[in-house]
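Whenever a hint applies, use it, and build me the whole structure from the sequences.
There are 2 protein chains.
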Amino acid sequence: MKLLEDGVPLAELSIERVARTAGVGKATIYRRWNGKDELFIDVVRAAEPPDPELPGTGLRDDLVTLLESLRRRGLATRSSAILHNVYAQMKSSPKIWSAYHAGVVAPRRELVMQVLRRGQESGELRPDIDLELANDLFVGPMLVRSTLRPDGELPEGLAEEIVDTVLEGLRPVRSTAS
Amino acid sequence: MKLLEDGVPLAELSIERVARTAGVGKATIYRRWNGKDELFIDVVRAAEPPDPELPGTGLRDDLVTLLESLRRRGLATRSSAILHNVYAQMKSSPKIWSAYHAGVVAPRRELVMQVLRRGQESGELRPDIDLELANDLFVGPMLVRSTLRPDGELPEGLAEEIVDTVLEGLRPVRSTAS
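Residue numbers (our numbering), protein chains in the order written: chain G, 4 to 181; chain S, 4 to 181.
It is worth saying that the hints were derived from the structure and are not from the lab.
Keep in mind that a hint or two might mislead.
Unchecked claim - No more than 27 angstroms apart at the CA atoms, straight line, and that leaves these computed lysine-lysine pairs for BS3-like:
#1 S:K94 <-> S:K5
#2 S:K29 <-> S:K5
#3 S:K94 <-> G:K98
#4 S:K5 <-> S:K98
#5 G:K94 <-> S:K94
#6 G:K98 <-> G:K39
#7 S:K98 <-> G:K94
#8 S:K39 <-> S:K94
#9 G:K94 <-> G:K5
What the hints assert, rightly or not - In silico contact screen, one side only, chain S against chain G (beta carbon under 7 angstroms); selected entries:
#10 I132
#11 L140
#12 G143
#13 E171
#14 L173
#15 R174
Stated by the list, open to error - Computed list of chain G residues with no C-beta within reach of chain S, every gap over 10 angstroms:
#16 L16
#17 R75
#18 M116
Glycine is no exception: its CB is placed at the ideal position from the N, C-alpha and C atoms.
Quick look at the structure:
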């Protein structure tokens, strides 16, 4: 973490240098991590806000919690020089980027899928909805603001607004009298 | 375009080199473009599939047309080495990236906003919806698949599916009898 704070590029980070900076032997590092990529991904995970506990009180609340966590991670990335730097460096290394996806992003996506499957089973979600699509409908708008548009607004309450609007739909409510 | 096909990096592209490759004088280039950035952005625009004509038959059809265009651009980026290369290079140059955003991305977003405003005026969209949010609800899921997930599926019919599902909502249809 100190080396990243100092702006050392990923390509110059070696297990040897990490060990030296930490004041330990290389063997101590290798006891916990198989290599530089694994170590690096654990560092990213530690720098990100922790993943949330789901309230488990229903589809809507679980989805709001997951999207709120995404919003906070977006805010953290903007305010944390380390995270900003780390994501930029990861994107330039296809190997580490795909290890980060497999180890961190994919499990997060799977958690959303679990919540959606439970929601469909409990009847809180239309039975005809493709869940991969539903995942993107909830997560996409938040990701676009936090990742693709550096000036995208991430106000408090955005998670609730996205979840409620996607659940409810954008069409005017049809009169039940007609 | 030839220089980009040959893989010449953006940093090495100069008006002089473009003029030489095109077999014209630098003055000929400067008659149409003020500089390298403007020229480059016009090249990107020419390499992308053309922006669509809106059918104008209503909110749903206009949105499907806009999202279908986004889907095609996503597919083109995957299959075109030039586009792939050009986007990657633009992202590493904040100045050109922001010129591309101002000249190409912002007008596209404004077109979606116009369609949404018309839809709200005609009563096809709930009157209480924030249109900036609505924009992200429609565009976000497609952008996430085309831009953030290199393996995201972009099947035919995806534009219709996103638009119809977001308009309709994900909650089960409530019985009108209750």
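Hint check:
no. : hint            : in the structure
1   : S:K94 <-> S:K5  : holds (20 angstroms)
2   : S:K29 <-> S:K5  : holds (17 angstroms)
3   : S:K94 <-> G:K98 : holds (19 angstroms)
4   : S:K5 <-> S:K98  : holds (23 angstroms)
5   : G:K94 <-> S:K94 : holds (11 angstroms)
6   : G:K98 <-> G:K39 : holds (11 angstroms)
7   : S:K98 <-> G:K94 : holds (19 angstroms)
8   : S:K39 <-> S:K94 : holds (16 angstroms)
9   : G:K94 <-> G:K5  : holds (20 angstroms)
10  : I132            : holds (6 angstroms)
11  : L140            : holds (5 angstroms)
12  : G143            : holds (3 angstroms)
13  : E171            : holds (5 angstroms)
14  : L173            : holds (5 angstroms)
15  : R174            : holds (5 angstroms)
16  : L16             : holds (21 angstroms)
17  : R75             : holds (18 angstroms)
18  : M116            : holds (14 angstroms)
The earlier numbered hints are all upheld by this structure, with none contradicted.
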